[in-house]
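Asker: Take a look at the letters that make up each chain.
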Amino acid sequence: MGVSVQREDFDPGREIEAAVAGRTDAGAVCCFVGLVRDVVPGAGASALTLEHYPGMTERQLEAIEAEARDRWPLLATRIVHRYGRLEPGDRIVLVVTASAHRQAAFESCEFLMDWLKTKAPFWKLEETPEGEHWVEARDTDEAAASRWQSSGQSSVPREIKS
Amino acid sequence: MGVSVQREDFDPGREIEAAVAGRTDAGAVCCFVGLVRDVVPGAGASALTLEHYPGMTERQLEAIEAEARDRWPLLATRIVHRYGRLEPGDRIVLVVTASAHRQAAFESCEFLMDWLKTKAPFWKLEETPEGEHWVEARDTDEAAASRWQSSGQSSVPREIKS
Amino acid sequence: MKLLYFAWLRSKTGIGQETVDPPEEVRTVADLLAWLPTRGPGFAAALANPAVVRVAVNQEYARPDHPLRRGDEVALFPPVTGG
Amino acid sequence: MKLLYFAWLRSKTGIGQETVDPPEEVRTVADLLAWLPTRGPGFAAALANPAVVRVAVNQEYARPDHPLRRGDEVALFPPVTGG
Numbered sequence: 126m127g128v129s130v131q132r133e134d135f136d137p138g139r140e141i142e143a144a145v146a147g148r149t150d151a152g153a154v155c156c157f158v159g160l161v162r163d164v165v166p167g168a169g170a171s172a173l174t175l176e177h178y179p180g181m182t183e184r185q186l187e188a189i190e191a192e193a194r195d196r197w198p199l200l201a202t203r204i205v206h207r208y209g210r211l212e213p214g215d216r217i218v219l220v221v222t223a224s225a226h227r228q229a230a231f232e233s234c235e236f237l238m239d240w241l242k243t244k245a246p247f248w249k250l251e252e253t254p255e256g257e258h259w260v261e262a263r264d265t266d267e268a269a270a271s272r273w274q275s276s277g278q279s280s281v282p283r284e285i286k287s
Numbered sequence: 126m127g128v129s130v131q132r133e134d135f136d137p138g139r140e141i142e143a144a145v146a147g148r149t150d151a152g153a154v155c156c157f158v159g160l161v162r163d164v165v166p167g168a169g170a171s172a173l174t175l176e177h178y179p180g181m182t183e184r185q186l187e188a189i190e191a192e193a194r195d196r197w198p199l200l201a202t203r204i205v206h207r208y209g210r211l212e213p214g215d216r217i218v219l220v221v222t223a224s225a226h227r228q229a230a231f232e233s234c235e236f237l238m239d240w241l242k243t244k245a246p247f248w249k250l251e252e253t254p255e256g257e258h259w260v261e262a263r264d265t266d267e268a269a270a271s272r273w274q275s276s277g278q279s280s281v282p283r284e285i286k287s
Numbered sequence: 003m004k005l006l007y008f009a010w011l012r013s014k015t016g017i018g019q020e021t022v023d024p025p026e027e028v029r030t031v032a033d034l035l036a037w038l039p040t041r042g043p044g045f046a047a048a049l050a051n052p053a054v055v056r057v058a059v060n061q062e063y064a065r066p067d068h069p070l071r072r073g074d075e076v077a078l079f080p081p082v083t084g085g
Numbered sequence: 003m004k005l006l007y008f009a010w011l012r013s014k015t016g017i018g019q020e021t022v023d024p025p026e027e028v029r030t031v032a033d034l035l036a037w038l039p040t041r042g043p044g045f046a047a048a049l050a051n052p053a054v055v056r057v058a059v060n061q062e063y064a065r066p067d068h069p070l071r072r073g074d075e076v077a078l079f080p081p082v083t084g085g
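Residue numbers (my numbering), protein chains in the order written: chain W, 126 to 287; chain R, 126 to 287; chain A, 3 to 85; chain V, 3 to 85.
In case anyone wonders, no lab produced these hints; they're calculated from the structure.
Check before you lean on any hint, since a few could be wrong.
Just so you have them, the derived chain V footprint on chain W, three or more residues with Cβ under 8 angstroms [as the list claims (entries may be wrong)]:
no. : region
1   : 132 to 144
2   : 236 to 247
3   : 254 to 261
Computed, partial: chain A to chain R, Cβ under 8 angstroms [unchecked claim]:
no. : residue
4   : Phe45
5   : Gln61
6   : Ala77
7   : Phe79
8   : Pro80
9   : Val82
10  : Gly84
Where is the CB? At the ideal position from N, CA and C, for every residue including glycine.
Assemble the whole structure, with the sequences as input and the hints as a guide.
Answerer: Following this line, the structure appears as structure tokens:
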């Protein structure tokens with residue numbers, strides 16, 4: 126329930142638990158965890174620093190969360206995004222969605238991740254053996270996010286399945 | 126990472142952790158947890174008993190897992206399915222998938238759940254105030270599973286996004 | 003031949019597991035589904051609508067034309083409802 | 003007017019945050035993006051390709067025709083790469 130932007134790590138198991146604690150109407154929980162990948166394997170550490178825009182970040186995440194709750198019949202949502210210096214293997218982001226049925230949980234979780242990738246004001250500064258550089262945005266992320274805008278596909282939940 | 130069919134509960138946080146423990150090439154973990162829903166809210170307990178076909182169940186789950194690993198570039202997969210008597214709110218099933226990028230993790234997790242719902246030999250006997258009855262299969266689950274068979278849609282990974 | 007019944011196929015036949023020796027004409031899954039109802043009213047009730055009966059031979063899903071052998075393990079069950 | 007720069011817009015301008023008093027003709031986001039490069043080579047470099055600069059006014063994404071007021075908080079940054 127809600128949004129956190131924090132330097133500290135989070136606990137996916139506890140977040141899943143909290144999303145459905147005490148309820149018996151949720152049949153489906155979907156949880157996504159994003160991790161720092163070692164972009165230059167074998168070349169030693171390739172840590173990164175996540176910069177963000179305090180204030181706007183929280184606003185954007187809350188708006189995205191409200192949008193997901195408008196589109197799908199969700200019983201719980203949770204977004205946690207870290208900032209600061211992170212090493213390969215570290216957790217960056219968590220999204221949890223809960224619903225009566227699995228399709229709403231899966232779709233809304235994907236939706237939230239696609240929008241986070243393209244709208245939430247975070248920027249990655251990558252450390253490589255050649256020095257630091259700002260990670261460039263990927264066209265494929267834009268494409269992934271844009272599918273939720275077209276009226277043709279998946280903009281409203283398809284027929285419900287459990 | 127394998128398949129477990131068991132009477133005991135499982136720990137989603139530990140399963141997510143185990144899927145990517147010690148690796149730095151996984152950027153995405155998707156975890157789905159299915160729970161017992163109270164089908165008759167307010168009417169007291171509506172527990173259920175999950176029957177299965179020992180031997181064939183494990184075989185089917187392993188075959189489905191191998192199929193997912195053929196279709197997507199997965200770094201880890203995990204399936205746990207419980208049997209026996211379960212109460213509303215109890216966890217039934219867990220699927221975890223890990224990949225370099227999020228689309229493969231999401232798609233393969235959905236694929237596994239769709240196939241579990243239609244191919245894994247489990248049957249739910251529901252306790253209601255009117256007595257016990259065997260839960261009927263849902264056409265929407267068949268439809269969900271069949272989308273992975275058509276050559277037109279999503280039978281192979283779409284372009285990769287992180 | 004070992005037969006297993008699950009879910010309401012077990013309730014209706016009253017049998018979880020049995021060993022049978024079907025007549026020689028029973029050579030496929032379809033033959034078996036046609037023969038079983040002749041064994042009594044419980045079997046007739048359980049197999050009244052063969053379209054909703056799934057069959058696995060040696061723990062793999064099998065179609066009606068799947069051939070059967072003496073030592074096979076054949077399971078009959080309704081569409082699955084796990085997950 | 004408060005200006006914020008993030009990621010490589012900060013590196014190139016050398017500024018994280020500043021308060022500016024743009025000339026009266028600067029009435030929209032587009033006007034601001036046209037005016038800033040005239041302030042020096044760092045700004046010119048940062049804004050060389052305005053197509054890759056995103057703008058937020060008072061912490062909401064804003065289009066080029068978005069009007070600007072004296073007290074606004076305007077942020078300039080590249081396409082986001084979180085998640």
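Asker: Does the closest beta carbon of chain R sit nearer than 8 angstroms to the beta carbon of Phe45(A)?
Answerer: violated (18 angstroms)
Asker: Less than 8 angstroms between beta-carbons is the criterion; does Val82(A) satisfy it with respect to chain R?
Answerer: holds (6 angstroms)
Asker: Given Gln61(A) as an interface hint, is its Cβ closer than 8 angstroms to any Cβ of chain R?
Answerer: holds (4 angstroms)
Asker: Tell me if the interface restraint on Ala77(A) is satisfied: Cβ within less than 8 angstroms of some Cβ in chain R.
Answerer: holds (6 angstroms)
Asker: Checking hints one by one. Is Pro80(A) an interface residue toward chain R, by the C-beta closer than 8 angstroms rule?
Answerer: Where the cut-off is 8 angstroms and the nearest Cβ of chain R is about 7 angstroms from Pro80(A), the hint holds.
Asker: For the region 254 to 261 of chain W, do at least 3 residues have a Cβ located nearer than 8 angstroms to some Cβ of chain V?
Answerer: holds (count 3)
Asker: Quick check on the hint: Phe79(A) CB to chain R CB, less than 8 angstroms?
Answerer: holds (6 angstroms)
Asker: Would you check chain V against the region 132 to 144 of chain W, counting CB to CB pairs closer than 8 angstroms, and say if three or more residues qualify?
Answerer: n = 0 at 8 angstroms, threshold three: violated.
Asker: Going by Cβ atoms only, is Gly84(A) closer than 8 angstroms to chain R?
Answerer: Holds. Min distance 3 angstroms.
Asker: Is the coverage entry for the region 236 to 247 of chain W by chain V consistent with the three-residue Cβ rule at 8 angstroms?
Answerer: holds (count 8)
Violated hints, in rising order: 1 and 4; the structure is consistent with all others.
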